[in-house]
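**Student:** Sequences are here, hints too, so could you generate the full structure?
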Amino acid sequence: MNISSQYNHEIEREKDKPSNVRYKLIEIFREFELEEGLEGAIKLRQIIDSLCFVLGQTVTIFITNRNGKILYSNDHLRFSTKLREVGIIENDVINIEQKVLGRNLNVEDLISEETMHQISDELMYIHSHISPVRRDDEVSHFIIAFHDVTQLRRAESQLNIMYSIDPLTQLPNRHCFEEDLLKKLQLEKKSQNPFALFFLDLDRFKFFNDTLGHQVGDELIMDIANKLRDIENKYITLYRFGGDEFIFLIKKVDTEEQIDELAEKILQIFKSAFIIQGNSLMLTCSIGISIYPDSSTSLKKLVECADTAMHYAKERGKDTYQIFSENMNTAYSERLKMEAQLRIALEKNQFFLHYQPQIDMKTNKIIGVEALVRWNNPELGIVAPNEFIPLAEEIGLIDPIGDWVLKTACQQVKNWQKELGLYIRVGINISPKQFQRPDFVSKVERVLQETGLAPNYVDLEITENGLMQNSADCLQTLYRLKSHGVKISIDDFGTGYSSLSYLKRFPIDTLKIDQSFVRDLIEDTNDQAIVTSIISLAHNMKLNVIAEGVETVEIVNFLNRHKCDEMQGYLYSKPLNPHDFESFLKKMKQ
1 MNISSQYNHE IEREKDKPSN VRYKLIEIFR EFELEEGLEG AIKLRQIIDS LCFVLGQTVT
61 IFITNRNGKI LYSNDHLRFS TKLREVGIIE NDVINIEQKV LGRNLNVEDL ISEETMHQIS
121 DELMYIHSHI SPVRRDDEVS HFIIAFHDVT QLRRAESQLN IMYSIDPLTQ LPNRHCFEED
181 LLKKLQLEKK SQNPFALFFL DLDRFKFFND TLGHQVGDEL IMDIANKLRD IENKYITLYR
241 FGGDEFIFLI KKVDTEEQID ELAEKILQIF KSAFIIQGNS LMLTCSIGIS IYPDSSTSLK
301 KLVECADTAM HYAKERGKDT YQIFSENMNT AYSERLKMEA QLRIALEKNQ FFLHYQPQID
361 MKTNKIIGVE ALVRWNNPEL GIVAPNEFIP LAEEIGLIDP IGDWVLKTAC QQVKNWQKEL
421 GLYIRVGINI SPKQFQRPDF VSKVERVLQE TGLAPNYVDL EITENGLMQN SADCLQTLYR
481 LKSHGVKISI DDFGTGYSSL SYLKRFPIDT LKIDQSFVRD LIEDTNDQAI VTSIISLAHN
541 MKLNVIAEGV ETVEIVNFLN RHKCDEMQGY LYSKPLNPHD FESFLKKMKQ
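Numbering-wise (full-length UniProt numbering), the sequence shown opens with residue 1 and increments by one.
Check before you lean on any hint, since a few could be wrong.
Simulated restraints, written as ranges between beta carbons of each label pair [to be verified]:
1) Asp439 to Ile231: 24 to 34 Å
2) Asp223 to Glu113: 40 to 50 Å
3) Leu299 to Glu450: 47 to 57 Å
4) His175 to Ile236: 15 to 25 Å
5) Glu257 to Arg204: 26 to 36 Å
6) Glu523 to Glu419: 42 to 52 Å
7) Ala529 to Thr363: 55 to 65 Å
8) Glu551 to Asp223: 23 to 33 Å
9) Lys563 to Lys443: 29 to 39 Å
10) Glu257 to Met588: 51 to 61 Å
11) Lys482 to His175: 45 to 55 Å
12) Gly243 to Val553: 44 to 54 Å
13) Gln350 to Lys574: 52 to 62 Å
Please keep in mind that the hints were generated in silico from the structure rather than gathered at the bench. Beta carbons are placed, not taken as given, at the ideal position from N, Cα and C, and that holds for glycine.
**Tutor:** Here you go:
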């Protein structure tokens, strides 16, 4: 093996470890004594050429005397030119004496450093390794390797940007937030000066993203981010935490009033519509706030507390903020407990249905019922649907629960037909997630076949928002259901999507006026205007109208005057179990 191959083999073995290669270079030159004359020069050239082949063409190696005079290099002209441009080489001299000898180096000494230089409008990064060669205990030469690491540093810089900046909003991202929060926690470890986290979650963003498309969703996120940026100052930093979530790090908190004012300022941003691609979009946000050190002194717990407070705000109607308190932990624990209980409720037969009568306003007879699910929780007792249905949707249980409700309600109505000769329709609430399943229509078909119930006795109640999610697919689903003879009602009409254009396109049978418009109908002139408008609109479109939440005779009289078709409410009956409903039916006949 010649001398070049020998050293090439040693470095090739370490080439995947750049630092190892650089140190091996120095080690080799230390082992190699510079020889006088031609033989030494040939050996030196072989070693340098071998090293440059392995390390790449951006490595330039110099041999100088003790005064820095260049005796030999590997003639990497382009890089040598740059070294001259930045002043590292002047008149074929590298200022080694001032840079190296003043440090009292011994045989083992090595300098390894990286320097930054300006060339025109660009920055250049150079890594240098300088090793003295000693003869008779005195420095006789220097071996210097310069490595251009500019591209590496640029790539690292770009990776750092990608790692810490959200590409859509250009805000610092979750990773950056966690690093900043960790630094802040370390800074305040002794003094424990208060600071706060504001955890923002956008309400109804998913609805707009699904109905109007992801491009609109992205533009909406960017617009919101730009408006939230206006709140930033030297003590307040905004981060995109992910999806439709943002976090403010408030580095200095003096009073609770300061927190209240900032939260109200954020909520105020959402009072005006966001105009995206010609769409006027109204949405709100829910804010959870944790405060150091009261809420916690750990990174993970501070974020969890803010997240818990945010969910607490959502449960209290959204468009508000909540500051974390310990009782929220109790509520969160109860939620986790309810989630675990909900997961086994179906297999333990803890669900049951109540039926609320629907009355024909002309004949005062029962012409239908609405099936309402209840949960008989062993610890909590009877749990209303508004308490567990949102949780079931969130944790993916709404499909099996919805399937059970559909089959049980259809079977009950079929039983009444057989046993009592009672032919009434049943209204069944369908969640948006249920309705959007590709196999939903086939499930309805299978239930009708298994129970033997005719399709015209089934009235599927779907909210406006449920219909507007993936409206093209919804339209196809509705027409398939209608082709089987199933009836379709819009539940809680007037509380959801603000466009009425879908009424022309969708094959709908009935509009159900939400009880929020009916309950105060006699006292509230605005409710009166809304209810009469809905009735008129429905009749002009040949649709049936049911008023929910009817509780007084005065409301009945108002609805009669304006020719509402049907009603349901506590004036006539609360939701009843099948046995009590049959008793109620007998009283109605008497």
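**Student:** Give a verdict on every hint.
**Tutor:** Hints, one by one, checked against the model:
1. As the Cβ distance of aspartate 439 to isoleucine 231 is approximately 46 Å, the hint placing it in 24 to 34 Å is violated.
2. Look at aspartate 223 against glutamate 113: about 47 Å separates their beta carbons, and that is inside 40 to 50 Å.
3. For the pair leucine 299 and glutamate 450, the beta carbons lie near 53 Å from each other, so the given range of 47 to 57 Å is met.
4. Checked against the hint of 15 to 25 Å, the pair histidine 175 and isoleucine 236 passes, with Cβ atoms roughly 19 Å apart.
5. In this structure the supplied range 26 to 36 Å holds for glutamate 257 paired with arginine 204, their Cβ-Cβ distance being about 30 Å.
6. For glutamate 523 and glutamate 419, the Cβ-Cβ distance of about 43 Å falls inside the hinted range of 42 to 52 Å, so the restraint holds.
7. Taking 55 to 65 Å as the suggested C-beta distance range, the pair alanine 529 and threonine 363 does not conform, at roughly 28 Å.
8. The hinted range of 23 to 33 Å is not satisfied by glutamate 551 and aspartate 223, whose Cβ atoms lie roughly 43 Å apart.
9. In this structure the hint that lysine 563 and lysine 443 lie 29 to 39 Å apart at CB holds, the actual value being about 36 Å.
10. Roughly 59 Å separates the CB atoms of glutamate 257 and methionine 588, a value that falls within the hinted 51 to 61 Å.
11. One distance hint, 45 to 55 Å for the beta-carbon pair lysine 482 and histidine 175, holds here, with the actual separation near 50 Å.
12. For glycine 243 and valine 553, the hinted distance range of 44 to 54 Å is satisfied, since their beta carbons lie about 50 Å from each other.
13. Roughly 21 Å separates the CB atoms of glutamine 350 and lysine 574, a value that falls outside the hinted 52 to 62 Å.
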